[in-house]
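Colleague: As a plain string of letters, each chain reads:
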Amino acid sequence: MQTTIHSLKKGQKGIILDFDIDVIPLKLLEMGCLPGNEVELLQIAPFGDPLYLNINGSHLAIRIETAKQIGVELIKNKQK
Amino acid sequence: MSLKNINVALIGNPNVGKTSVFNQLTGLNQQVGNYPGITVEKKMGFCRLPNNIKANILDLPGTYSLNASSIDESVVIELLLNKNDRLYPDVALVVTDVENLKRNLLLYTQIKDLEIPTILVINMADRMEHKGITLDIPYLEEHLKTKIALISSRKGYGIEELKNLIVSYKTISSEPCLNASVIDVDYFNSLRQAFPNQLLYKLWLVITQDVNFLNLERNEIRSSFTKSHSDLKRLQQKETIKRYQFINDVLKLGLKVDSSIAKDYRSKLDRVLTHKIWGYVIFFLILFVIFQSIFQWSKIPMDFIDSTFAALSTLASEHLPSGMLTDLISQGIIPGIGGILIFIPQIAFLFLFISILEESGYMSRVVFLMDKIMRRFGLSGKSVVPLISGTACAIPAIMATRNIENWKERLITILVTPFTTCSARLPVYAIIIGLVIPDTYVLGILNVQGLTLMLLYVIGFGTAILAAYILNSILKVKGKTFFVVEMPNYKLPMFKNVAINVIEKTKAFVFGAGKIILAISVILWFLASYGPGKQFKNAEKIILENTKAHPLSPTEFDNAVASQKLENSYIGLMGKTIEPVISPLGYDWKIGIAIISSFAAREVFVGTLATIYSVGGSDNENTIKNKMAEEVNPVTGEKIFNFASGISLLMFYAFAMQCASTLAITKKETNSWKWPAGQLVFMSSLAYVVALIAFQILK
Numbered sequence: 001m002q003t004t005i006h007s008l009k010k011g012q013k014g015i016i017l018d019f020d021i022d023v024i025p026l027k028l029l030e031m032g033c034l035p036g037n038e039v040e041l042l043q044i045a046p047f048g049d050p051l052y053l054n055i056n057g058s059h060l061a062i063r064i065e066t067a068k069q070i071g072v073e074l075i076k077n078k079q080k
Numbered sequence: 001m002s003l004k005n006i007n008v009a010l011i012g013n014p015n016v017g018k019t020s021v022f023n024q025l026t027g028l029n030q031q032v033g034n035y036p037g038i039t040v041e042k043k044m045g046f047c048r049l050p051n052n053i054k055a056n057i058l059d060l061p062g063t064y065s066l067n068a069s070s071i072d073e074s075v076v077i078e079l080l081l082n083k084n085d086r087l088y089p090d091v092a093l094v095v096t097d098v099e100n101l102k103r104n105l106l107l108y109t110q111i112k113d114l115e116i117p118t119i120l121v122i123n124m125a126d127r128m129e130h131k132g133i134t135l136d137i138p139y140l141e142e143h144l145k146t147k148i149a150l151i152s153s154r155k156g157y158g159i160e161e162l163k164n165l166i167v168s169y170k171t172i173s174s175e176p177c178l179n180a181s182v183i184d185v186d187y188f189n190s191l192r193q194a195f196p197n198q199l200l201y202k203l204w205l206v207i208t209q210d211v212n213f214l215n216l217e218r219n220e221i222r223s224s225f226t227k228s229h230s231d232l233k234r235l236q237q238k239e240t241i242k243r244y245q246f247i248n249d250v251l252k253l254g255l256k257v258d259s260s261i262a263k264d265y266r267s268k269l270d271r272v273l274t275h276k277i278w279g280y281v282i283f284f285l286i287l288f289v290i291f292q293s294i295f296q297w298s299k300i301p302m303d304f305i306d307s308t309f310a311a312l313s314t315l316a317s318e319h320l321p322s323g324m325l326t327d328l329i330s331q332g333i334i335p336g337i338g339g340i341l342i343f344i345p346q347i348a349f350l351f352l353f354i355s356i357l358e359e360s361g362y363m364s365r366v367v368f369l370m371d372k373i374m375r376r377f378g379l380s381g382k383s384v385v386p387l388i389s390g391t392a393c394a395i396p397a398i399m400a401t402r403n404i405e406n407w408k409e410r411l412i413t414i415l416v417t418p419f420t421t422c423s424a425r426l427p428v429y430a431i432i433i434g435l436v437i438p439d440t441y442v443l444g445i446l447n448v449q450g451l452t453l454m455l456l457y458v459i460g461f462g463t464a465i466l467a468a469y470i471l472n473s474i475l476k477v478k479g480k481t482f483f484v485v486e487m488p489n490y491k492l493p494m495f496k497n498v499a500i501n502v503i504e505k506t507k508a509f510v511f512g513a514g515k516i517i518l519a520i521s522v523i524l525w526f527l528a529s530y531g532p533g534k535q536f537k538n539a540e541k542i543i544l545e546n547t548k549a550h551p552l553s554p555t556e557f558d559n560a561v562a563s564q565k566l567e568n569s570y571i572g573l574m575g576k577t578i579e580p581v582i583s584p585l586g587y588d589w590k591i592g593i594a595i596i597s598s599f600a601a602r603e604v605f606v607g608t609l610a611t612i613y614s615v616g617g618s619d620n621e622n623t624i625k626n627k628m629a630e631e632v633n634p635v636t637g638e639k640i641f642n643f644a645s646g647i648s649l650l651m652f653y654a655f656a657m658q659c660a661s662t663l664a665i666t667k668k669e670t671n672s673w674k675w676p677a678g679q680l681v682f683m684s685s686l687a688y689v690v691a692l693i694a695f696q697i698l699k
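Protein chains in written order, with this note's numbering: chain A, 1 to 80; chain B, 1 to 699.
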């Protein structure tokens, strides 16, 4: 199922799809936010924004407005 | 034997322990300065290597890549692109964190493309076992074309091996480990043909970055190889992907992680520290402890310093032959130095807490926690760090705004940071609170003086936030909103790093601000000891004449002469001139002098009062505070430092922009005089109005 990082639930993982690079900062790409990499939503800040992610092993937080721009293919949660 | 020192540059992402590697290599053999013309901190150190070889170690600002997005990062590129720079490294150490190797290696592959001999330092090796990580070092060395030093700067192992590697830097490969130009073969081929003598990657950096580049005519390169912004970015993305592909391939065989072994306390701690209730409770508890304890803990050493310098003054005036020089020493220089040293306890405590919060990784959680709230006021979660550092000093705080990506959020943060209660305000607050607020307790444990101080901090923060809110609706600044913050692993702060940081910062303050304070103290002493006209010269005669009817005792006579002289000295006349402006605020001309002299640096206020009350005083044993408490208005007989004038002074110093250095740094960071001028006018008028209202209501 395709969605965006913004709509991930806590603990859900996805694979990053292609995105419009004009709206994504280069710094975020360099931190591993690239098509094909895995992203997991770890925490949501108390007022719903920003989001705390694990992207390709990097732990970082981004705002919802950026998260909305990054499409992901949801990974079905396997039993841990 | 070897005459030339080896130049070593430490390069790495933030949060990889680069500074602790630097501390391990150099010990206390460090110098902190600035890069010429900009305010980026330049840390140099010296290291003795085996075989009697010496090395200059340069700790470059942390950067995620060579694509600079801040001045700090530009410094790295400018140095690495300029072979003629005195500091150009003979060998680069790229410091990485074993847990974030994949991301950290991105920068490594870029450095390698510059064809500098590069050693890969893999730090935090002590955590490998915990995390189930194993590395195939020979495999990695072969494919990354380097030598690897596996170290733990925390446990201190691997450092000797690293030193040996540095000594043999000439044998270390300077070959790139991948060829990124395949992302657009035609483009890079023609670039190579146009500039055959230049490194391809250098050319590429010059095209994509806004950095100074001395040897190359950058316009020439740009005009013939220009591409649209978005095309360039697309290429940069391709380049990044290419580099990650290479890194992934190498790590697939070179790095094994057994996640079944990995112990993870990060997520458990995160759950509590970023919790919607506990997160804030813990944050405010920490702030409360910091502020309450700074006032209580610093009090003892501060009182000690205060009385020691009072005693020293007495000692000097009693034991040195009397004369002008002795007066200058006992009344100008000694109180002046005392006025500087008295800051040390509070500054040290503040930097101690701030560096512990930074080192532990907690600060990023605060950024995460506060972002949404701060954004309502036009600030960013990242503004919290400058606002908290602002409690130490606005100058490093304003420099700390550099990692705020959005220009408007950054500008607002710069403009409002000077409202936070910096450590230079503390001595002013401390002495006035001590004079006008009773030293009693409420609810048994809460010290009223401590609470007052905390309230002043709250006022500072509150005003900053409010001003931000107003600026946010007034300012029309366009800028893209980006917000990316790394959430580093939690670490126990290392004693050595914290200690060195506290010592460095305190030293910088004492010597930087100290010079100004001392100079102003000495000038003040001269202005207070000399005066124009007969009123000053014939002070003795005038007093004698005025008191003919009721002769004074010798002590009373001396004091009367001293105050007659001070009143008619140069500084006294200056104070008298501005008295009409400040008397509605409840101040007399002596406080006026202190306000004038502290215009460039607010901490001079206390030193000025110290000098003024020392000049001509017959009893030096008394501390400044006691002398201030005894001051009365000669007309009304009321105490000068009473509740109303005290609160008015506290308000004045809470809002006034009495700091030339902050104005200078605002000018540098905003690149315009418009913003510091606005700060000065707005803050000064606010200070005057609020102090006026406070005094008129309370008197």
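A few of these clues could be false.
[To be verified] One side of the interface only, derived from the structure: several residues of chain B facing chain A at Cβ under 7 Å: (1) VAL185; (2) ASN189; (3) LYS233; (4) LEU235; (5) GLN236; (6) GLN237; (7) ASP371; (8) PHE482; (9) PHE483; (10) ILE640; (11) PHE643.
To be clear, the hints were calculated from the coordinates, so they are not data collected in a lab.
A virtual CB, placed ideally from N, CA and C, is assigned to each residue, including glycine.
Colleague: Does the CB of GLN236 of chain B sit less than 7 Å away from some CB of chain A?
Modeller: holds (6 Å)
Colleague: Restraint: PHE482 of chain B near chain A, CB-CB cut 7 Å. Satisfied or not?
Modeller: holds (4 Å)
Colleague: Given a cut of 7 Å on the nearest C-beta pair, is the interface hint for ASP371 of chain B held or broken against chain A?
Modeller: holds (5 Å)
Colleague: Given a cut of 7 Å on the nearest C-beta pair, is the interface hint for ASN189 of chain B held or broken against chain A?
Modeller: This hint is violated: ASN189 of chain B lies away from chain A, its Cβ roughly 24 Å from the closest one there, beyond 7 Å.
Colleague: If you take the shortest Cβ to Cβ gap from LEU235 of chain B to chain A, is it below 7 Å?
Modeller: violated (10 Å)
Colleague: Tell me if the interface restraint on PHE643 of chain B is satisfied: Cβ within less than 7 Å of some Cβ in chain A.
Modeller: violated (41 Å)
Colleague: At a threshold of 7 Å, is the proposed contact between GLN237 of chain B and chain A supported by beta-carbon distances?
Modeller: holds (5 Å)
Colleague: Is the interface hint satisfied for VAL185 of chain B? The criterion is a beta-carbon contact with chain A at less than 7 Å.
Modeller: violated (21 Å)
Colleague: Minimum Cβ distance from PHE483 of chain B to chain A below 7 Å?
Modeller: Holds. Min distance 5 Å.
Colleague: When the nearest CB of chain A is found for ILE640 of chain B, is that gap smaller than 7 Å?
Modeller: violated (49 Å)
Colleague: Does LYS233 of chain B hold up as a contact with chain A if the rule is Cβ-Cβ below 7 Å?
Modeller: Since chain A brings a Cβ to about 6 Å from LYS233 of chain B, closer than 7 Å, the hint holds.
Of the numbered hints given earlier, the model fails hints 1, 2, 4, 10, 11; all others are met.
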